[in-house]
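Residue numbers (the working numbering), protein chains in the order written: chain A, 82 to 314; chain B, 10 to 800.
I should point out that these hints are in silico values taken from the structure, not numbers from a laboratory. In this text the structure is predicted, and so the values were computed from the model without any measurement. We put the beta carbon where it would ideally sit given N, CA and C, even for glycine. A portion of the hints provided could be inaccurate.
[Stated by the list, open to error] For each label pair, taking beta carbons as the anchor points, the in silico distance ranges come out as:
id: 1; chain 1: B; residue 1: Asp-429; chain 2: A; residue 2: Val-93; range: 35 to 41 Å
id: 2; chain 1: A; residue 1: Asp-156; chain 2: B; residue 2: Glu-58; range: 44 to 50 Å
id: 3; chain 1: B; residue 1: Phe-379; chain 2: A; residue 2: Asp-108; range: 56 to 62 Å
id: 4; chain 1: B; residue 1: Arg-427; chain 2: A; residue 2: Met-280; range: 47 to 53 Å
id: 5; chain 1: A; residue 1: Ala-122; chain 2: B; residue 2: Asp-429; range: 36 to 42 Å
id: 6; chain 1: B; residue 1: Val-778; chain 2: A; residue 2: Lys-298; range: 55 to 61 Å
id: 7; chain 1: B; residue 1: Ala-440; chain 2: A; residue 2: Asp-299; range: 45 to 51 Å
id: 8; chain 1: B; residue 1: Phe-379; chain 2: A; residue 2: Gly-106; range: 54 to 60 Å
id: 9; chain 1: B; residue 1: Arg-785; chain 2: A; residue 2: Leu-199; range: 41 to 47 Å
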Amino acid sequence: MHAFKTIGLTKVYGEGEAAVHALRGVDLEIPEGELVVLLGASGSGKSTLLNILGGLDHPSDGQVFFRDQEITTFDDKALTAYRRDHVGFVFQLYNLMPSLTAHENVDLVTEISRDPMLAEEALEMVGLGDRMDHFPAQLSGGEQQRVAIARAIAKRPTVLFCDEPTGALDSKTGIVVLQALQDINRTLNTTIIVITHAMATAALADRVIMFGDGRIKDVRLNEKKLAADQIEW
Amino acid sequence: MSFLLTSLDRKLLRDLWRIKGQGIAIALVIACGIGLFIMANGMLSSLQETREAYYDRYRFADIFAPVKRAPDRVLAEIKTFPGVRAVEGRISAGVLIDAPGTTEPITGQAVSLPRIGRPVLNDIFLRKGRMLDPTREDEILLSEPFAKAHGFEPGDTISATMNGSKRKFEIVGLALSPEFTYAIAPGALVPDPFRYGILWLGKDALAAAFDLDGAFNEVLISRSYNANESDIIASLDRLLERYGATGAFLRADQISDKFLESELNQLATMATVLPSIFLAVSAFLLNVVVARIVDAEREQIGLLKAFGYSNPAILFHYLKMVLAITLLGIFVGSGVGMWLGRWMALLYQEFYKFPFLIFSLGLDTLAFAFTIAVTVAVLGTLTAVRRAAVLSPAEAMRPPAPAKYRQASVMPLWFSERIDQPTRMILRRIARHPVRALLTSVGLAFATAILITARFNWDSVLYMMDVNFNVAERQDLTVTFVEPESDKAIFELRRMDGVLYVEPFRSVPVRLRNGHIERRQSLTGLVERPLLSRAVNADLASLQIPRNGLLLSKALADLIQAEVGDVLQVDVLEDRKPRLNLTVAGVAETFIGTSAYLEIGALNRSLKEGPRVSGAFLMIDPAKQDAIYERLKDMPSVSGVGIVAAAQRSFNETMDQGIGTFIAIISTFAALIAVGVVYNSARIALAERSRELASLRVLGFTKNEASYILLGEIALLTFLALPIGCGFGYLLAWFLAASFTTELYQIPLVIELASYGYSCAVVAGASLVSGILVDREIGKLDLVVALKTRE
Chain A
82 MHAFKTIGLT KVYGEGEAAV HALRGVDLEI PEGELVVLLG ASGSGKSTLL NILGGLDHPS
142 DGQVFFRDQE ITTFDDKALT AYRRDHVGFV FQLYNLMPSL TAHENVDLVT EISRDPMLAE
202 EALEMVGLGD RMDHFPAQLS GGEQQRVAIA RAIAKRPTVL FCDEPTGALD SKTGIVVLQA
262 LQDINRTLNT TIIVITHAMA TAALADRVIM FGDGRIKDVR LNEKKLAADQ IEW
Chain B
10 MSFLLTSLDR KLLRDLWRIK GQGIAIALVI ACGIGLFIMA NGMLSSLQET REAYYDRYRF
70 ADIFAPVKRA PDRVLAEIKT FPGVRAVEGR ISAGVLIDAP GTTEPITGQA VSLPRIGRPV
130 LNDIFLRKGR MLDPTREDEI LLSEPFAKAH GFEPGDTISA TMNGSKRKFE IVGLALSPEF
190 TYAIAPGALV PDPFRYGILW LGKDALAAAF DLDGAFNEVL ISRSYNANES DIIASLDRLL
250 ERYGATGAFL RADQISDKFL ESELNQLATM ATVLPSIFLA VSAFLLNVVV ARIVDAEREQ
310 IGLLKAFGYS NPAILFHYLK MVLAITLLGI FVGSGVGMWL GRWMALLYQE FYKFPFLIFS
370 LGLDTLAFAF TIAVTVAVLG TLTAVRRAAV LSPAEAMRPP APAKYRQASV MPLWFSERID
430 QPTRMILRRI ARHPVRALLT SVGLAFATAI LITARFNWDS VLYMMDVNFN VAERQDLTVT
490 FVEPESDKAI FELRRMDGVL YVEPFRSVPV RLRNGHIERR QSLTGLVERP LLSRAVNADL
550 ASLQIPRNGL LLSKALADLI QAEVGDVLQV DVLEDRKPRL NLTVAGVAET FIGTSAYLEI
610 GALNRSLKEG PRVSGAFLMI DPAKQDAIYE RLKDMPSVSG VGIVAAAQRS FNETMDQGIG
670 TFIAIISTFA ALIAVGVVYN SARIALAERS RELASLRVLG FTKNEASYIL LGEIALLTFL
730 ALPIGCGFGY LLAWFLAASF TTELYQIPLV IELASYGYSC AVVAGASLVS GILVDREIGK
790 LDLVVALKTR E
């Protein structure tokens, strides 16, 4: 069964001369349980696609199906429920609440989820069991990003969207973060879609989608996936 | 969900702690608005309730009817009038008090008490000592404020000139009475306890002194609940006409109640208008500030939405934040307001000589203040959160796209080429966010305006006094006679050693009628070109007193809707009671009371009387004043001596105590609001621009250059706000002048240049202090973190 299917997805920002075509008709199918990597130059439309799939933004035209529901027809309330029940996000800049500890940042999500794991459990999974009561300002960049991942997976999402999760990190910390993602994909069977600039990350994926100029340039299936610690950065 | 604090609540608490400086500043602004509102209303309702209770407990009469002399048996007839519940006949007369320790002749009022028991109406409150012994004729009760001012105690003796003969009395008690709550001497501007005393004597003693055995010269009446007052007055006037009645009048025209009512009305206006302005201004500021705080959190709002928090949940979260701040403000404001209100009420109790004070603060006042503050806070939050919530989460989380700055539209090229880069940034930013800049400026302008408004109260009263004492009333003494005298009395005054100049006046009670509008008024006869007590026009030029027509004060002309050229029917209420028809010949500018003037010769002729005078205005040699005072005290015909300098002094003292305190409190609140606004604006500007400022620092700008961009903007907005604020202040003052003006006072719209300067300086000072506080924060910016986090 597919997790996502899109038909003729288009997104235009602005109007007239100033219009920017972020997506120019994207047709795509992503099976459930895969780890998918979206590659492409900046401005190629990756983030826009991710935001629309995650229910954070509306397309200008086209359809998006999550399993067999067309989320492009959802109203605000239904989209909120969709995000709440199925979707997890990890952002490049972590976007942690600075006024909450790691544990509390995770709780922010578990408190509104139907079947969450314990915050401790989620933080253990990303290797932060001993830093739970630290505030974001007391954590390194990699640790902050892992808190963000823990926060995203704690609700056991069906899909996990990661926008440049290692973009702000050095290679060593980046690998730790990717390892965490891979573990989650394996153990929870969560569909994970990762946006990245780093070509090396593609080696971890089941499927690699190349993006350029608002269109899909190429889709490649990975025959032999590498483990995170095997990739060359 | 856990029953303990949710993570969102914990975020709330920590966020509140993070913005505590700002939160406190906002709470302060709310507290000022609420505090002033509650103070003013608490003070006012306390005074009103106290007055009601005082009048009620001491049976203050409803109707007063003065006569020359009426036999006691008439009282029985009055009692039979329908609607009359109680009647009291008594003797009330002007006396001159000779107090040891001062040469000044002191005006006093002697009032009779019944032989046995308490008065049926206008009872007294015995503060100290005992009631009169009915077997002794040389005992008196003295009004407590007068006794205090002179240090009299029960057991002391005092002498007074009654009907021309000097008598000695023993003070046996100190008392207060509802009819002398606002104990103001005839012709005075404010109560002066040193120069106006009340003496209560047994009826027999007073009757003997004034040849009123078996008679009275004043009737007091209380009416039953649904009685028709004008019927009672008409019957009284008919019955008492042959006894020399000058016309019965209602409590509302009784001098103490009239002043008290006018003062309380003025307080009521002040208590409604000023705090409402404060509340409105704080509401406006609150709205702006809350909206900007929420705006600054738009990324967090986007994030919460991305996690699946619903819009109502997010809205509720921010509402709680705002309500916490608002409630703090309400709590502090109510507490301070109640405390100040009680304190002010006590101050006024002292001033009005209430024997007790009932402190009352209506729950409705509290509820109203609470509702206003909460509603405004909720509205501000609602609009701002809605603005953030309608954005799709993806958009909310993106930092707002760089604003579209353009070259020519914002400022002309020739101008922008002549200024440096940082200044250009300031100007472009203001031009880019004109609404935001405008709101900040308007907030500051409001703060300036309320400061000006507070100062205006002072300025206008001082101007009033200046005109009154230095332009209009230039005499040193006003001497009044027991009965109108022939002009020989004037010659006698002129001959006194040290008297430099004498100007006679005649004063008669009249009823003015213009069409259906009727009014009791005193008609004053003055010389044609007075030098001492003058009527002036709006340019303060002296006006000639007309020989064949009336000169009315503007307030009076407005009251009876008369214009120059109108013919008024003038019923004289004295002696032969002639009816005159007089044309309005001119209108004079007066600030205090209402007056009508006619040339004194013409007045006397129309009364069919020879040259008679009610009194005279005197200019004297200050070196000989004591001798003059002694002479005046010995003149049996003199019933009162008004000392203008003393009146001015006591007025200034009164101002300092009562209204001065009120204005000082208002000014303080206004200054606090100014600080609250500026500090908030500066803090928010810093929060919004910390990344930008940090970037500049990374690019090599010095800290001072970075500060300049932020503080320069605040300085410029403050600079723009000041003239706007002065304009607002002028408008508010105009509004206040219009609403404070009563029959007794016409408030001129006067704002001194110094008041504008003071108000601008306070706001500029508040800006400076806030700037310094925020500047310290700029120094603490962590460049790397500021560039990374999007807080």
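Verification of the supplied hints:
1. B/Asp-429 / A/Val-93: 35 to 41 Å: Given a distance of about 40 Å, which is inside 35 to 41 Å, the answer is holds.
2. A/Asp-156 / B/Glu-58: 44 to 50 Å: violated (57 Å)
3. B/Phe-379 / A/Asp-108: 56 to 62 Å: At roughly 59 Å between Cβ atoms, A/Asp-108 and B/Phe-379 fall inside 56 to 62 Å, so the hint holds.
4. B/Arg-427 / A/Met-280: 47 to 53 Å: Since the Cβ atoms of B/Arg-427 and A/Met-280 sit about 51 Å apart, the hinted range of 47 to 53 Å holds.
5. A/Ala-122 / B/Asp-429: 36 to 42 Å: Roughly 38 Å apart at Cβ, these two residues keep to the hinted range, so it holds.
6. B/Val-778 / A/Lys-298: 55 to 61 Å: Hint holds: Cβ distance 60 Å, inside 55 to 61 Å.
7. B/Ala-440 / A/Asp-299: 45 to 51 Å: For A/Asp-299 against B/Ala-440, whose Cβ atoms are near 47 Å apart, the range 45 to 51 Å holds.
8. B/Phe-379 / A/Gly-106: 54 to 60 Å: holds (57 Å)
9. B/Arg-785 / A/Leu-199: 41 to 47 Å: Holds, since B/Arg-785 and A/Leu-199 (Cβ atoms, about 43 Å apart) stay within the stated range.
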